[in-house]
Amino acid sequence: MDVYFIVTQSISGFTMATLLFLVASGLTLIFGVGNIFNFAHGSFYMLGAYFGYQLVSVWKVNFWIALVAAGAGAGLVGAAAEFLFLRRIYGRAQEGGFQILLTYCLILIFDDLVKLIWGTEYKSISKPPGFEGALRFGDISIPIYNFAIIVIGLVVVLAAWWILSKTRPGRIARASAVDREMLGSLGVNVPLTLTIVFGLATALGGMTGALAAPLRSVTPGAGIEVIIDSLIVVVLGGMGNFWGAWLGAVLLGEVNAFAVAYVSEWSTLFSYLVMVVTLIFKPEGLFAPTRLRKV
Amino acid sequence: MSGRKLMAMALVLITVCLIPFLASAQEKLIRIGAMYPMTGRSGLYGMDSVAAAEMAIDEINSKGGVAGYKIDIVFTDSKSKPAYAVRVAERYITEDKVHFLFGVVSSGVGLAVTEISKQNKVIFVGTDHAATELTLDNFQPYYFRVSNNTFQSMTAGAMYLKELQKEKPWKTISYIGPDYAYGHSQLEEIQYNLKRFGVDFQMVSKYLPKLYEPDYTSYITSIIKDKPDVLVSGFWGGDTVAFIKQAKAYGLFEKMLYFHPDAGGNYELMSAMEGEMPAGLVLSARHHNNWPDTELNRKYVAEFKRRTGRYPTYAAEGAYAGIYAIAKAVEKVGTPDNTEALIKALEGLQIKLPEDPEGFTSFIDPQTHQIVQMQAIGISEPNDKFPPAKMMLGKWKIYKAEELLPPKELIEKKMKK
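Top line first, the protein sequences correspond to chains Y and F.
Using our numbering, read the first sequence as starting at 1 and increasing by one per residue.
Using our numbering, read the second sequence as starting at 1 and increasing by one per residue.
Wrong hints could be hidden among the right ones.
Quick list of in silico lysine-lysine cross-link-like pairs, PhoX-like style, CA-CA up to 20 angstroms [said to hold, decoys possible]:
| # | chain 1 | residue 1 | chain 2 | residue 2 |
| --- | --- | --- | --- | --- |
| 1 | F | Lys390 | Y | Lys60 |
| 2 | Y | Lys115 | F | Lys79 |
| 3 | F | Lys328 | F | Lys70 |
| 4 | F | Lys328 | F | Lys28 |
| 5 | F | Lys305 | Y | Lys115 |
| 6 | F | Lys344 | F | Lys332 |
| 7 | F | Lys397 | F | Lys168 |
| 8 | F | Lys305 | F | Lys385 |
| 9 | F | Lys390 | Y | Lys127 |
Hints are computed from structural coordinates only; laboratory data are not their basis.
Let the sequences and hints guide you as you build the complete structure.
Pasting the structure below:
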């Protein structure tokens, strides 16, 4: 076996994992804090990609500024969607079903909205200047842009972990996942907390959309194709588990990378196989703390 | 709401609903029920097909229609879902009493709708879905296809590779294409045709990522490891854009020849990639905006641009061709009501289309009901005459339509099944 190839392929898997994680992190954050299953999370990814396109390709804004702005834009839309729609169904009997129906409606609405605004043609964003080439270490080559994505992913996972576990707003957010009523009686504005978390999570999705756009095609419906893999990641990691999502993404990325290389014709099977096995033997997620099982 | 207001609203509604019937009572109409995806990933092809079909209908109706009939078309979103499209097709037949079913971008939807056409004995004109099965294994007498299928493009592709071997010796091939009927049949057909033409080659690897896979990084590094001389690609739509963007930074296109003879030369790829499109890729499509350089093609492309503000994708010409095929058949028969006579008229029908070069006219093969057209394979090169694209195809090699049909034995074997 060729060592260089194994390293190259692991890095490929890691690149895929990072983008998967960045999408899944928002999904798992909303679930962990708000107990909301946001089926439309992929649509915020798509919105971010279109915002990025508008800023970079049409208005010629600097790519990195556009990245932040696209995330902020998607986050604002997300917060508005939570404030105007989702908030109204909290606490209903069978809330889960309503969540899925409502967020599915959002998918359809956003798909048609981007079609009305930007048309159906495929759009694209160029990589920022200086990021077009590749880094070479002997036989191993990594595109600079892929490398940047990996770094950004690591920064996000560390920053999110720090905010959630070490800061007061982060603790409030986590507390709202455990007991909203108690938190409210302690004087915390729970609805506002949920709106902010929803906004942050969708901002993360939007930023990822803009970040991935130079590598992908920006089209209506682009949200659907990322949501399935992100769901697998969230299930693997344990719903609402941030580190779990990261590890789940790395597992899925690497399984996929080596399945592609060694059993290429069956490769798509493996990501689903990993999920099925997980759901059967450890339904709370591979990386969920074990004590939860005893409860 | 008061009773009076309600009554007024009801009256308005009834009137609105009746208007179409009043209009149709006065005019003799050829009724067409069209289905195209109008949302999601393939929405672009659907919207282009709608625009081109309307363009053809306006051209025909403004000259007074055919045989005293005007063409009337209804479009419904197929949602790219077979089960949904089947319901739409049934409604078209039972309620709208259409003479023709029309359209469909996905081969999966096409395979479902052709069954409805067969059961109800209503002609289905397929404008843009390429799976060969529709005109071979799943052939039925009420189905006609007016754009080339993958067998034709892969035959042209195999001929190209055979010629290339003489100029620039190559030996090994890898294949990558989507994991559904379209991707699988291209893989099978390129191998079948290379063998048929006695080409000495070795298939080193096959990759079948799922349709709409957003991330090809692992595929790219694995293909580079396989070191094929030629990478045959069967990608469709936006997947091609994503693959090329991701592969470019790895230098994949300098390491092997990228060969994509069915849909790689689609205009939407060139327009989405703009300046990032690499030169030197060998590609083709079912219609090209810059080939053939004939009066008819130039006019077609310019008129489409004038109406929509964008250049047409390949799907548009299929819909345009479908309307003209129907018009010609009705003109021959004199009425849209005699289905059996229309089938006879469509079999062998000759129809001059924008994609036909000088001296050639597309025709429908009477045995398989498949249109027979030339295939032009080109190489990507700088050309900014069709903005926002900055690359278009050039250095064309043209393959004769008659040579691209499946051999007789294969047709008989597949049709028997």
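Hints versus structure:
no., hint, in the structure
1, Lys390(F) <-> Lys60(Y), "holds, 18 angstroms"
2, Lys115(Y) <-> Lys79(F), "holds, 14 angstroms"
3, Lys328(F) <-> Lys70(F), "holds, 13 angstroms"
4, Lys328(F) <-> Lys28(F), "holds, 16 angstroms"
5, Lys305(F) <-> Lys115(Y), "holds, 19 angstroms"
6, Lys344(F) <-> Lys332(F), "holds, 10 angstroms"
7, Lys397(F) <-> Lys168(F), "holds, 16 angstroms"
8, Lys305(F) <-> Lys385(F), "holds, 13 angstroms"
9, Lys390(F) <-> Lys127(Y), "holds, 17 angstroms"
Hint compliance for this structure: no hint is broken.
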